[in-house]
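In the order they appear, the protein sequences are chains A and B. Per the numbering used here, the first sequence starts with residue 1, numbered consecutively. Per the numbering used here, the second sequence starts with residue 1, numbered consecutively.
The set of hints was computed from the structure by calculation and includes no laboratory data. Even glycine gets a Cβ: it sits at the ideal position worked out from N, Cα and C. Treat the hints with care, as some may be off.
[To be verified] For lysine-lysine, the following BS3-like pairs were computed, each having C-alpha atoms within a straight-line distance of at most 30 Å:
1) Lys89(B) with Lys68(A)
2) Lys599(A) with Lys42(A)
3) Lys68(A) with Lys126(B)
4) Lys137(A) with Lys548(A)
[Claimed, not checked] Derived CB-CB ranges, DEER-like:
5) Asp590(A) with Leu166(B): 49 to 59 Å
6) Trp37(B) with Gly644(A): 45 to 55 Å
7) His163(B) with Gly644(A): 25 to 35 Å
8) Glu731(A) with Arg161(B): 39 to 49 Å
One letter stands for each residue in the lines below.
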Amino acid sequence: MTFAPSLSRRRFLKVSGVAAGAATVAASAPGLLRAAASEGEKGLRQVPTFCDICFWKCGAIATVRDGKLWKIEGNPLDPLSEGRLCPRGTGGVGAHFDSDRLRTPLMRQGPRGEEKWVAVTWDEALTFIASKMQKIKAEHGPESIALFSHGLGGTFLKHTLKAFGTPNITAPSFAQCRGPRDVGFNLTFGEEVGSPERTDIRNAQCLVLIGSHLGENMHNTQVQEFAEAVGAGASIIVVDPRFSVAASKAKFYLPIKPGADLALILAWMNVLVTEGLYDKDYVQRFGFGFEAFAAEIAASTPEWAYPETGIEPSVIRETAREMARHRPATLVHPGRHATWYGDDTQRSRAIALLNALLGSWGRKGGFYAPSSMEVPAYPCPPYPVSALGKVDNPGRRYPFAIETITTGIREATITGKPYPVKGWFAYATNLMQALPNEGETIKAIQNLDLLVVVDVIGSELAGWADVILPEATYLERYDELNVELFRQSFVALRQPVVEAPNDQKPNWWIARELAMKLGLEAYYPWKDIEEYLDRRLTAAGLSLQTLKKTGIALGRPAPLYFEDGAEAVFPTPSRKIEFYSPQLQAAGFDPVPKYRRPKAGSAGSFRLLFGRAPVHSFGRTQTNPILHDMMPENEVWVNLSVAGRYGLKSGDRVRLKNQDGVVSLPVKVRATEAIRGDCVYMVHGFGHTSQMLRRALHLGASDAQLVTRYETDALMGGTAMNVNFVTLEAEA
Amino acid sequence: MARLGMVIDTRKCVGCMDCVVACKTENSVPEGFNRDWITQKLTGAFPTLALEIRSERCNHCDNPPCVSCCPTGASHVHEYGGVVLVDEKECIGCKACLASCPYDARFIHPEGYADKCTFCIHRVEKGVPPACVAVCPTRCMYFGDLDDPQSEVSRLLASRRNHSLLPEAGTRPRIFYLT
């Protein structure tokens, strides 16, 4: 049974139809409401744009009423949102009104981290930054400046820094998030799942979520399609130490011991192979090294996995058969935040292999073939080539890293090896919460000659900056076009809806002005962003004028599945799906994933797990007045009987103390049946300590502060963070 | 005459609060207050658990105690759709309606009058569904005429198991939850 997208659109129209019938009756309704309605119509201005509250970048339409920003809704033309934003996107207007916004450029007074500032002009700030950059370049080379950037808004700053001559441009989204997943899938299929993920959740008849908490994790398309699949009666299997919202929709909930996911996946594959339930035709056509793989997993029986996972062998068999029953429309979700235990690339590879056994890659209800529009780049001179190369991964000690490793740059900044790093730029990322072990981040910062933070609010990292540059929010600026790989190709425009309230500037302007001060005029042949955007759009056969009206243009549909004509191409060394990986074997790693039991915590301690809430993005939205109202602080989930043993009940406040003696801010207990007794859970992004985040200051606790330890994934340098343990200390 | 009501599919709802946020922006609900909210009811013992997630608001009851107890007539049943509304100009902020509502759906607006969900009558009269229904990313909310047996809400109620909140209060609520 499937659920076509058009069905839900039809349903929406039907609802509107009912209400439209009402309107004719209402024409004679009494004055008060009618007046309100017509008043709404005049003085309204609607502007299509796309969201920036998270990286999903949903198409949206903002409404301005009597000159004031009123609301923002999904753009019905947008294939990502299909006209419906998520709660963060809907609450995005709060970013414009946030009283904690940075207003003007700030320069540090006194020691780093003291948060004493003097307001300066843009010219003063950028002149200072440019002269520091030239000094660093003269002493150490342009490579000694690194950029940490999150999201599309960093495009132009990246451009300026590449033009300046540094290859050290990075984002926590690789080594602290999806990196292991991307590498694991790449090693197996030769391709990544991308962002937005190429998951065909909408058409899945069986969906397996391993730790993915869709619904709490609010990636719009995925949640919409998840609900659609649930509504259509798809069989949901959820593996999680916590009874998540997704678990509550599941036919099978597997409350796994934290850290044992790989053992479970190996046992599932063992069942599919030993019972002959896998897609033999698919594996024969597309697989490489299946025999060696089958031999490797022969011992990974459900009975072997039971003591590791705590999942009964009968349940492992039953769920494996359930997956086989619905294949190829069985999607084992690849997850996104995958840096958990240090075996993450191998676990992700096992997820890829499980999907391969089910024949779901390239198939309806599995993974579709995405496409994107051709929008040529604005012609620019080539960037200078660095003689030194990147600093993050000397000697390719992480041989399968496919992006720059943030924590590698941090390490080089601390050690000065392979060469010194003396300047950091951070765009829209709070490294104090994004990277593990904030002590190491502070140590690195102390070695810097320059730390520049560009952001809309003053994060903890901004607190350590030499210069803070206040950016206009997405509702107040043009930005780079959004051209992404998705099931429907499209290009989307972000354009200003209202003006920035103070002296905030758009990132393109900041990056361009800085380039001018650095003598990099040649890289900015355009005067303003409209010229840039129009040239790119014109080259794609579109125009800025049109996109300003529609916000989005769609490309031609392309085949989504092998059966529809999507090409079955696997750009691995063998040109096949690598069940056995010679390249891993050659590099000294397990060619077929092997399970190793994660280290346990000391007696009486709980493994610290963290995740997302639907109303917040990382630590970036806690001061948004609307989203703050939805969830002002986080809670620590503690198993009900464990809480009872400690004499704790819901609403009590505790501090968490980790294995290294780090103590959190006080946080409310949620004593609940919905979590195992050997772990605790919190939503990431709270417990702010920056004095600039007044609305969020000291509300809830920060998991990041407690993540002093991390296991580095030897394949690609990812930093696994679910390896910390805490005890609970009652707060008087 | 239509009898407007809402049907919410708890199987699809993920409790993301988008309905709450959309109501807040659409209706400029002041900081610290909400006209709708999410309730989660967890039952069972780990790991055999069940969770019902509900988007709740004024039930626009057929027998609304908030209307019968209102001393000024500010709380009233609107002639179109039977929607329960408050005429803020007539309201004296006595809170009788807050006390009478078994659903705790009302609050006193900082400007002194009783406030609550209006079923977005200003949108409905223009042929647009309420903001919470229109925004819901899971499409778990349905709105329409309960008296029309052909309406989507009526058909859902006829075909799916459902319940309302506190039917024993005798208010005859017009929001139904599919389970």
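Comparing the hints with the structure gives:
{"no.": "1", "hint": "Lys89(B) with Lys68(A)", "in the structure": "holds, 25 Å"}
{"no.": "2", "hint": "Lys599(A) with Lys42(A)", "in the structure": "violated, 64 Å"}
{"no.": "3", "hint": "Lys68(A) with Lys126(B)", "in the structure": "holds, 22 Å"}
{"no.": "4", "hint": "Lys137(A) with Lys548(A)", "in the structure": "violated, 40 Å"}
{"no.": "5", "hint": "Asp590(A) with Leu166(B): 49 to 59 Å", "in the structure": "holds, 58 Å"}
{"no.": "6", "hint": "Trp37(B) with Gly644(A): 45 to 55 Å", "in the structure": "violated, 28 Å"}
{"no.": "7", "hint": "His163(B) with Gly644(A): 25 to 35 Å", "in the structure": "holds, 31 Å"}
{"no.": "8", "hint": "Glu731(A) with Arg161(B): 39 to 49 Å", "in the structure": "holds, 44 Å"}
This entry does not satisfy hints 2, 4 and 6, going by the numbered hints stated previously.
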